[in-house]
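Residue-level listing of the chains:
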Amino acid sequence: MKRNLFTLSIGLLLLLIFCLLLFVFQVRTSEVAVVTTFGKPTRPITDAGPYYKWPWPIQKVYKFDQRIQNFEDRLTEGVTKDSFNLLTSVYVGWKIDDPAAFFPKFAGSLNPIAEAERKLQELLGNVKQAIVGNHALSDFVSTTDNATNLLWIEREMLGAIQSRISTNNWGLEVTFLGIKRLQLPESVSKTVFERMQAERKVLADTSKYEGDREAGTIRSEADRNAAIMLSQADGMALQIRGEGEAQAAESLRVFNQNPNLANFIFDLDALKDFLKDRSVLILNADTPPLDLLRGPSTNLLHP
Amino acid sequence: MERSTQRNALVNLLALLVVGSAAFAVARSSNSLAGQVGTLFLGMGLLVAAVSWFQMRLEENERLEKLELEDLARTHAGSAMFESKDTEVFPAQRAREQFERLFVPIFTVLLCLLQSGGAYLFWRWLGKPTTVSELKQPTLALGLFGVFALVLFLLGRFSATYARLENNRLLRPSASYVLLNAFICGFVAAGIIAVRWQFPKADSLLAHVLCVLLALIALETLIALVLEIYRPRVKGKVERPLYESRLVGLLAQPEGLVTTAAQAVDYQFGFKVSETWFYRLFFERALKWLLLMQGAALLLSTCVVFIDAGEQALLERWGRPVEGRALLGAGAHLKLPWPIDRVYRFRTEQVQTLEVGVSGEASRETEPAMLWTKAHSRPDTKEEDFLVANREQVLLGATNPPAGKRTPPVSFITGSLPVEYQITNLLHWAYTNEDAPSLLHDVATREIVRYFASADMNELLSSGRLQASDTLVKRIQAAADERQMGVRILAVALQDLHPPVKVAKDYEEVVAATQTKLAKILAARADEIRTNNQAAKQATTITNEACAVRETTEARALAQAALFTNQIPAFEAAPAVYVERARMRTIIPATVNANKFVMLTTNTHDVYILDLQQHIRSELLTALNVTNKANPSGPQ
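Residue numbers (the numbering used here), protein chains in the order written: chain F, 1 to 303; chain X, 1001 to 1636.
Derived by calculation from the structure, the hints in this document are not laboratory data.
Remember, predicted model here, so these are calculated numbers, not experimental data.
Keep in mind that a hint or two might mislead.
What the hints assert, rightly or not - Below, a list of computed lysine to any residue pairs in the SDA-like style, where the Cα atoms sit at most 25 Å apart: (1) F:Lys208 <-> X:Trp1372; (2) X:Lys1505 <-> F:Ala198; (3) F:Lys208 <-> X:Ala1526; (4) F:Lys95 <-> F:Arg43; (5) X:Lys1474 <-> F:Leu151; (6) F:Lys63 <-> X:Leu1242; (7) F:Lys272 <-> X:Ala1526; (8) X:Lys1128 <-> X:Val1209; (9) F:Lys208 <-> X:Gln1515; (10) F:Lys119 <-> F:Gly159; (11) F:Lys201 <-> X:Trp1372; (12) F:Lys119 <-> F:Val35; (13) F:Lys276 <-> X:Val1579; (14) F:Lys276 <-> X:Glu1554; (15) F:Lys119 <-> F:Ala198.
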């Protein structure tokens, strides 16, 4: 009897658990649910908590995450108003705001959230390309506007997609949108790289030749200063020499006392200087003191 | 042994061979990690099936040999030859014994090495970041693994039942492996379904579980090898194949848990332990209570939760945050048992990092120096180029060609930017956004792209980094607050920001050119200093020389005047003598070093004194009317 009671208790416990699994389900705070009865949506649930249901196949529960979902679309190429090719990708935040409307449109797929995002991406593709085409490249990238134009573009995209979603009544709400990537096609990127390289070359050459120019200027100015300095020094030297000459002229009066003697002395001084180096003298016997060579002690006759 | 048993074993062998090959091809082509690890189980099953089939054949030969000998013994009764028990008379028996004594232990050791080595190598392989890749053609792989599971399951169940009914011990190992592989193929298929249902790690997780299972089987094989040494040998008792895994058998047929345990104990002790009172009283009766208590303990353990330091947890009751206890801090907490109360843990205190600007697994190179000319990311990742406005083009006054041929007035800047953050409001972090880390990455990327789109590249690369970092922190924080993300942005690091690698060299050349310019200017400055100083020196010399000349002139004039004043009285006293004396005093010293030629005339033969050491110019001799008689062209 005791053994039967134990088996019975275990059986009842297992039955209870089984019934709970069959008749009760839980909805988390982060979830919404739709209960279908024989496939027809009969009870949307937006509040968290435990709920009862009839077991499968009478009723079936579909749960969806009601938090904000976000996804990033693919990087797609478009043309701006000023004919530049631009690749853009955006991220989009959305959530289920009406499970009853959401369920019939997407619950047929294996993954309703992924299916909804796929549909949103299709809508987004059209909207994005159209709005990119309405703006010049400078609205996306510019040093002058502090990226305020980019914010306007995002708002335009968000407004456009929200209006389309509300028209279609998909049971979801797009809450935000942001431009996540801005890129250029590979061929255009190549030309941008080439231009960046050319710009750098211009800057490098500018520096290089500015250096040459400035160095040349400095050197020529230095040469000019040197020439000025030397010519000034020459002038000053002449002036100084002239002053010396003027001062020396003061003493000429003394020589005037006996000009013949003075001239004789000056001649002597000049001759002394004249005969200083490598001079050859050819003298005859009449030149004093060689005239001494004439006379009785020699065989030379007086002329 | 019946022929049908051997046929069954051969079918198992062929099935494992075919399914194993096909499963390997499918797993490789679909990138299923669990499928690839599962292939090793199929391979092990194939080896075990081959050995057991061969052993079966040996036993069959032995049986036939015995029958033949018995037949001959009956025909030739009393012959000594058939009474002999020499092993040479029973070659099939001897072959079987040799096989069991030598080959089976060696094979089991090799099997153990294969299992342990396979577990280790697969575990390491699964740990590599490059191993995990997206499933290819999951639907096809799912279908094929489902078919493999079904085929192996049907075959395995038949073999296992047949082995149990016929008590055929040698069919059991291959039957168990066939069944286990059926379950593994089923799990691989389930893993593929889970991956498609937004559980991308399911396949990897299953592969890891299979590795652990492989390691356990290897351990069991090792223990079996060790215990085999100490097992008592009972003559006549049919021995269990050493390579048969009880764990594989248990996993393949979990309903036989108690039987398997009893068999294992009986086999190891060499007698029927399972029939003793102790075993029946304590093990079989207590088992259900033990299991019940185990279940209860498991349930009770869900009533206590320990939150580690640096963590916070969300407590939900029937899916709703528990009022007043929605957030649990570090420490022990009581809660209602699962599934009523559930806890979700998060690391809130930890500073977390997300990487913007790198596609692929973010990682840092361990290069000692980070250069612009080398990519900062690992080879398997790619740095992204951000668009920045090109202010320089405007400054350089470039003119663009017509539309279609124009280069966009933008530049690129490259860099991986780590954004560090902390979770400050867990309720917002967990309940507002479905994938908060991904959204934060999106928000941060958007703010960085927006900032760069309006920034000057040169400022970003030089003086503007700090300001850019501060601005980005504020902007990302504002955007995160707007999205109610419950995070605090701590820092945005811009240290990796650099021009794209393709143009980095040109940027460095600009810097080099600037330095060259400075060098040239400095060299010219040096030349300037040298020239100016040399000129100054020369000017000073000229001036000083002029001063010296002036002084000399003046002094000389004064001295000459003074001398002359004194010479006048002397002259006047004896004019002729004075003149002659003065002349001599002047000329004689002045001509000391001069060459002197004295021309004297006499009334006798002329006597010439010739200085042959010095030439006299011919014209001079001509003027003096002297002819060179010996050599008219040269001087004498």
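Consistency of the hints with the structure:
no., hint, in the structure
1, F:Lys208 <-> X:Trp1372, "holds, 22 Å"
2, X:Lys1505 <-> F:Ala198, "holds, 12 Å"
3, F:Lys208 <-> X:Ala1526, "holds, 18 Å"
4, F:Lys95 <-> F:Arg43, "holds, 19 Å"
5, X:Lys1474 <-> F:Leu151, "holds, 17 Å"
6, F:Lys63 <-> X:Leu1242, "violated, 52 Å"
7, F:Lys272 <-> X:Ala1526, "violated, 50 Å"
8, X:Lys1128 <-> X:Val1209, "holds, 16 Å"
9, F:Lys208 <-> X:Gln1515, "holds, 9 Å"
10, F:Lys119 <-> F:Gly159, "holds, 17 Å"
11, F:Lys201 <-> X:Trp1372, "holds, 17 Å"
12, F:Lys119 <-> F:Val35, "holds, 24 Å"
13, F:Lys276 <-> X:Val1579, "holds, 21 Å"
14, F:Lys276 <-> X:Glu1554, "holds, 23 Å"
15, F:Lys119 <-> F:Ala198, "violated, 45 Å"
Consistency note: the structure conflicts with the earlier hints numbered 6, 7, 15.
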